[in-house]
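> Now for the letters of each chain:
Number of protein chains: 2
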Amino acid sequence: MAQFQNATVVKEANVYFNGNVTSRTVLLEDGSKVTLGIMLPGTYEFGTDTKEVMEILSGDLKVLLPDAKDWTHIQGQGTFSVPAQRTFKLEVRSVTDYCCSYQ
Amino acid sequence: MAQFQNATVVKEANVYFNGNVTSRTVLLEDGSKVTLGIMLPGTYEFGTDTKEVMEILSGDLKVLLPDAKDWTHIQGQGTFSVPAQRTFKLEVRSVTDYCCSYQ
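Top to bottom, those sequences are chains A and B.
For what it's worth, the working numbering labels the leading residue of the first sequence as 1, then goes sequentially.
For what it's worth, the working numbering labels the leading residue of the second sequence as 1, then goes sequentially.
Looking at chain A on its own, in the form it has when it is part of the complex (with noise of 0.2 angstroms):
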């Protein structure tokens, strides 16, 4: 069971899109921070700030990449990552888990 020690966990949620997508920030040992998140069946899109690299934990979801002309299917796990002040768009056909780091 993969697990983050040392951490510091904001209590408080981030929610986004009426609560289908939200998520809890984890601040790492090393000063890095991480969002474990949750979405629901829906298409979202999400504009980065750093860049991000986004781990599906579990899930079934079509992403459709900065530039990219065609969409990326993930089913289970996998791992996309967004470029900085980009958006890319995303469509979650089934529960999705994740975590997302920026870098």
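Careful, some of the hints might be misleading.
Unchecked claim - For lysine to aspartate or glutamate, the following EDC-like pairs were computed, each having C-alpha atoms within a straight-line distance of at most 16 angstroms: (1) B:K62 - B:E29; (2) B:K89 - B:D70; (3) B:K11 - A:E29; (4) B:K89 - B:E29; (5) A:K11 - B:E45; (6) B:K62 - B:D49; (7) A:K11 - A:D30; (8) A:K11 - B:E29; (9) A:K33 - A:E55; (10) A:K33 - A:D60; (11) A:K33 - A:E45; (12) B:K11 - A:E55.
Bear in mind the hints are in silico, worked out from the structure with no lab data behind them.
Given chain A, work out where chain B should sit, using these hints.
Coordinates of chain B only, in the frame set by chain A:
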């Protein structure tokens, strides 16, 4: 901004009711456990193992505690407790952010 320091966070989410209720498990420095969760609108019945103290961080929900005849309404913030080995019902009216402690 309330935070848990020196915590261990389980990466994988706990998912209930098709993702309408989800939480993350956080193991605290003193050895106790909390779950930080989100409930979307709906009606739910839960059973307790140990005694649970539910702190509502934000939301709008009605609670029917064990042995209670009347529902309790929490709008915004609040706290309620449920003894071990009992069931309770929730009618969640808007996205509800909670912290559940186990005793």
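> Hint compliance check: list the failing hint numbers for this structure, sorted ascending.
1, 4, 5, 6, 7, 10 and 11
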